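Q: Residues per chain are reported as follows:
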Amino acid sequence: MNGLAIDTSTYVLGVAVIKDGEVAGEIITNIKKNHSVRLMTAIRTLLEEVEIKPQDLDKIIVTEGPGSYTGVRIGVTTGKTLAWSLKIPIVGVSSLEVLAQNGYYFDGFISPFIDARRGQVYTGLYGMENGVFKNIKEDRIVLHKDWLEELKSSGKQVLFLSTDMDKHKQEIKEILGYKAQFPFITGNLLRPSELARLGMKKETEVKDIHTFTPNYIRLAEAEAKWLANQKDQ
Amino acid sequence: MTNNMNLIILGIETSCDETAVAVVKNGREILSNVVSSQIESHKRFGGVVPEIASRHHVEQMTYILEEAMAEAEVNFEDIDAIAVTEGPGLVGALLIGVNAAKALAFAHNKPLVGVHHIAGHIYANHIIEELTFPLLTLVVSGGHTELVYMEEHGSFQVIGETRDDAVGEAYDKVARTLGLPYPGGPHVDKLAHEGEANIELPRAWLEPDSFDFSFSGLKSAVINTLHNAKQKGQELPIENVAASFQESVIDVLVTKTMRAVEEKQVNRLLLAGGVAANKGLRERLTAECERKGIKLTIPPLSLCTDNAAMIASAGTIMYKAGKRSGDRLNGEPGLVLK
Ligand SMILES: [Zn+2]
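Chains as they are written, first to last, in our numbering: chain Y, 1 to 233; chain Z, 1001 to 1338.
For the record, the hints were derived by calculation from the structure and aren't laboratory data. Just so it is clear, the structure is predicted and the values come from calculations on it, not from any experiment. Take the hints with a grain of salt, since some may be wrong.
[Claimed, not checked] Simulated crosslink set (SDA-like; lysine to any residue; CA at most 20 angstroms straight-line):
1. Z/Lys-1025 / Z/Ser-1302
2. Z/Lys-1110 / Y/Lys-33
3. Z/Lys-1264 / Z/Lys-1110
4. Y/Lys-33 / Z/Pro-1333
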């Protein structure tokens, strides 16, 4: 089984290839440059390097969100169109779930997060429970302060992982003190090979391609306002 | 390339609120032309919301690709190249079409051709009747008002453009002021035919030698006129407001276009863009062209509004001229026509 994984949900750009069950290669950059311009070059370069033709692929895996709306759409559109035209299935994986893998062996809670502006973050809670690594609290958008207070009350050690760590580290330390743990700089990036690994395990069917959509977690602002107005009337 | 060789181009267009895919043979024969409009979704907001448009495009893209290819009865082996709108337009919307096109080009090893949206609108006419040069095109839509001069295929010279609102935009704003539903252009056009142009409204001629346009002053004048009448306790019949507004718009568009026709010494005029559906504009332009012996082409409505057949048609010409876009093709919201 050969799989191509694509992640453009944050400003990290990641592409990985699983060939016959092994990680054959991955490309990852952590620079604030345009995904739309660079993604296809990365895919072509990696596939050529590991000697896989598009027609040899059995599965496409993409981060379905949350993250940058535009970023997520670039990955999903590319993935969906590849999958549809190659007649192979596509699977989506939460970008937070991918990030959480960096804390796989951590003894405690893991809170991967992506900045969502105005003091908010996209986050969820992950960790080992009875020997199984799982999603403990589902992905959401939340005021970071409220989320941190909630984590504090659990009394557990929490590992924070984020591409946007600089912006939030101070607040985390203030609220959680010594209960907060931070990774090396390498732990803050979504690894495309982890995305590929997670995606290869997931069941999916070719017929689901058309209905595959990003998971933005949040409504478009105009839509939210419109719904609120409807309620008022 | 020999002339008897069939060239089949798949076109993709997502610059605003229509997800469109078409398959066109030899630049002129439409094998399929599928357009999925989001207008119903945007109506409740009174205009196109970029984020919502982008979300719809992602949801629709592969459905529309599949439908267009099935209707054309082609598979990827039959397709010679992929043409896609690279700009101008809403950046988030453009990115969906561009990235889908790049994925197709990569997966099936096809050449990729980025197309300017306005070049597409112009080439909608090529599908109706083969272009002959030199020619002039009046492009009128919700996002554009331009006079484009062409000496030959693929060469575009913008000799005039709007300095503020696009004509379609002015229609929509006036329609909103008159309490008409979105999109307002067709409603204003229809009302104008029921009313009388008896209200004094300005015409923005700008500098005597300019082919540029300006519609924001006219739009403000309409709003002020309605406001002043209301303060005096008068009720202006909205069909007369619509008729007066439309007459001012058409006066300027037609007069400037005919002056450009004369100055550039062309005998062929094309009308392009969504506002080409406007009955008043069609009538006046047809009459003027008949009077002056100018050959006028106006595409049917389905090819005036945004569609991908026009992108495939323009893409065919560019493909033949050797234009190729690579993996780094991007959505360019401010792309200049040249
Ligand atoms: Zn258009």
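Q: Now, for every hint given, state plainly whether the structure supports it.
A: Taking the hints in turn, this is what the structure says about them:
A C-alpha spacing of about 18 angstroms is found between Z/Lys-1025 and Z/Ser-1302, which places the hinted pair at or below 20 angstroms, so the restraint holds. Only pairs whose Cα atoms come within 20 angstroms are accepted, and Z/Lys-1110 paired with Y/Lys-33 is rejected, the gap being roughly 26 angstroms. Straight-line distance between C-alpha atoms of Z/Lys-1264 and Z/Lys-1110 comes to about 39 angstroms, which puts the hinted pair past the 20 angstroms bound. About 17 angstroms separates the Cα atoms of Y/Lys-33 and Z/Pro-1333, which keeps this hinted pair within 20 angstroms; it holds.
Checked against the numbered hints above, the structure breaks hints 2 and 3 and satisfies the rest.
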